[in-house]
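A.B. asks: Residue numbers (our numbering), protein chains in the order written: chain A, 501 to 668; chain B, 501 to 668; chain C, 73 to 161; chain D, 73 to 161.
Quick caveat, the hints were computed from the structure, so don't treat them as lab data. Each residue gets a CB set at the ideal place from its N, CA and C atoms; glycine is no exception. Treat each hint with caution, since some may be false.
Footprint (simulated), chain B over chain A, 3 or more residues, beta carbon under 8 Å [as the list claims (entries may be wrong)]:
| # | region |
| --- | --- |
| 1 | 525-531 |
| 2 | 543-552 |
| 3 | 604-610 |
| 4 | 621-631 |
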Amino acid sequence: MTGISNDSVWITIQEMPLSLEEVSEFLRVEEAGGVDIFLGTTRRWTETEEKAAGGKTVRRETVLLEYECYKPMALKEMHRLVDEAFARWPVRRACLLHRIGEVSLREISVIAGVAAPHRADAFTACRYLIDTLKTRAPIWKKEHFVDGNARWVEGDSAPEPFSSPDTM
Amino acid sequence: MTGISNDSVWITIQEMPLSLEEVSEFLRVEEAGGVDIFLGTTRRWTETEEKAAGGKTVRRETVLLEYECYKPMALKEMHRLVDEAFARWPVRRACLLHRIGEVSLREISVIAGVAAPHRADAFTACRYLIDTLKTRAPIWKKEHFVDGNARWVEGDSAPEPFSSPDTM
Amino acid sequence: MGDKKLQSVQVLLFSVIREQAGIDATTLHLDPGEAVSAGALLERLAATYPAIRPMLPLVRIAVNREYVPREHIVRAGDEVALITPVSGG
Amino acid sequence: MGDKKLQSVQVLLFSVIREQAGIDATTLHLDPGEAVSAGALLERLAATYPAIRPMLPLVRIAVNREYVPREHIVRAGDEVALITPVSGG
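Work out the full structure, taking the sequences as your base and the hints as a guide.
C.D. replies: What follows is the structure, encoded as structure tokens:
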């Protein structure tokens with residue numbers, strides 16, 4: 501897409517568990533000396549300030565996360581984010597993988613990975629991918645709690661006017 | 501060491517290849533939602549400005565890197581860096597693994613990994629570990645070039661007075 | 073008459089707004105030559121599914137898989153999606 | 073007499089300075105009760121291994137596996153290491 505050879509980019513949305521080993525194999529190329537990989541995993545405990553509890557901190561126990569997406573658009577946005585990373589930093593390879601469906605405790609919901617000649621760019625571009633994915637890709641997360649309740653996580657993406665691709 | 505339970509910290513210097521799969525297994529804990537992992541790998545091409553070539557950029561081809569260390573002190577420093585990360589950020593697990601001896605192209609020489617409840621802390625603490633490792637741990641790298649030449653990489657750590665542990 | 077299809081707009085709903093509306097997709101019909109803004113289309117949808125109205129201020133609209141402002145004119149054949157604040161990752 | 077060991081300082085060399093000196097370790101002897109700074113110890117070493125002298129301004133000194141300033145007093149039994157700029161990672 502938009503000039504990025506498929507050899508350098510790996511993007512997917514899948515129900516199957518994500519494989520870190522394949523990510524490492526993909527990202528470690530001779531042109532790169534620094535590889536940064538971010539994993540999003542299902543956390544058991546969430547602390548929130550509940551208005552109902554008078555602003556007190558409430559600790560809730562999650563049993564699993566459930567992800568839903570608008571797949572064709574999410575893939576399109578993910579490609580765009582990766583294209584932007586390639587345009588901004590000397591990136592040699594990048595991947596952005598998202599799992600959907602049910603993701604249990606400790607399991608991986610998302611992997612963002614960047615290989616660059618030097619480490620500073622790998623960190624910056626990887627951070628960019630995950631931060632922008634979380635505001636722009638049409639993917640939603642529902643938390644299922646141990647008490648049987650569930651709620652859609654309130655994202656913090658602004659409604660509109662929609663930011664240009666260059667907004668961070 | 502210094503109050504960090506061994507369950508939360510994994511530090512090693514070894515000649516054997518480093519296993520990303522074990523790192524992932526170690527870092528993914530129920531208390532963490534964000535895991536950042538940095539891999540340092542052997543890059544094939546290095547571009548340097550050579551004075552002998554009138555400041556022109558020269559591209560050298562590496563065939564392997566060779567690492568040497570002052571092992572007991574390097575381990576001590578690595579423990580200290582990880583302790584500092586735990587003291588500064590809400591880190592749940594951290595690892596800092598370094599390979600020594602010969603490391604071929606694409607292979608991993610170092611892994612820094614941090615698991616934190618939220619991603620910003622995982623990125624920041626991981627970056628801290630690798631940045632400070634590179635200035636403080638007594639480990640040295642020799643580049644072996646395709647033309648048979650070799651040179652010790654000039655580190656950029658300042659000589660003295662040695663910075664306090666809190667200097668970044 | 074293939075016109076029927078050309079005069080319609082497919083609307084997709086996800087996540088919390090999908091659950092509130094009780095549907096994950098619906099079809100809105102346009103009059104021939106009608107120009108409707110994305111924002112006006114949302115209002116029309118809320119008239120049929122009042123439960124989604126409280127969420128509308130938070131919704132971003134995508135037309136043909138691209139975010140658009142509310143003033144964007146929707147045309148027959150477009151795919152419109154209601155994007156509540158995303159929370160992937 | 074166990075004094076011999078107590079009166080000596082072990083010095084370790086690594087990387088480029090190890091190659092220049094042609095040794096990876098050596099023992100320096102102190103006079104009984106002698107107080108020598110880490111910096112002075114370096115000078116003494118450079119007198120024996122002149123090839124290392126050009127590197128001394130870049131060397132950090134570690135005593136017993138801790139970085140120390142050059143004024144640090146080295147005692148018999150200490151382990152002293154010459155740390156040229158590190159390049160791990």
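A.B. asks: Against each hint, give a clear statement of whether it holds in the structure.
C.D. replies: Verification of the hints:
1. 525-531: holds (count 5)
2. 543-552: holds (count 3)
3. 604-610: n = 4 at 8 Å, threshold three: holds.
4. 621-631: Check passed, 5 qualifying residues.
Checked against the numbered hints given earlier, this structure breaks none of them.
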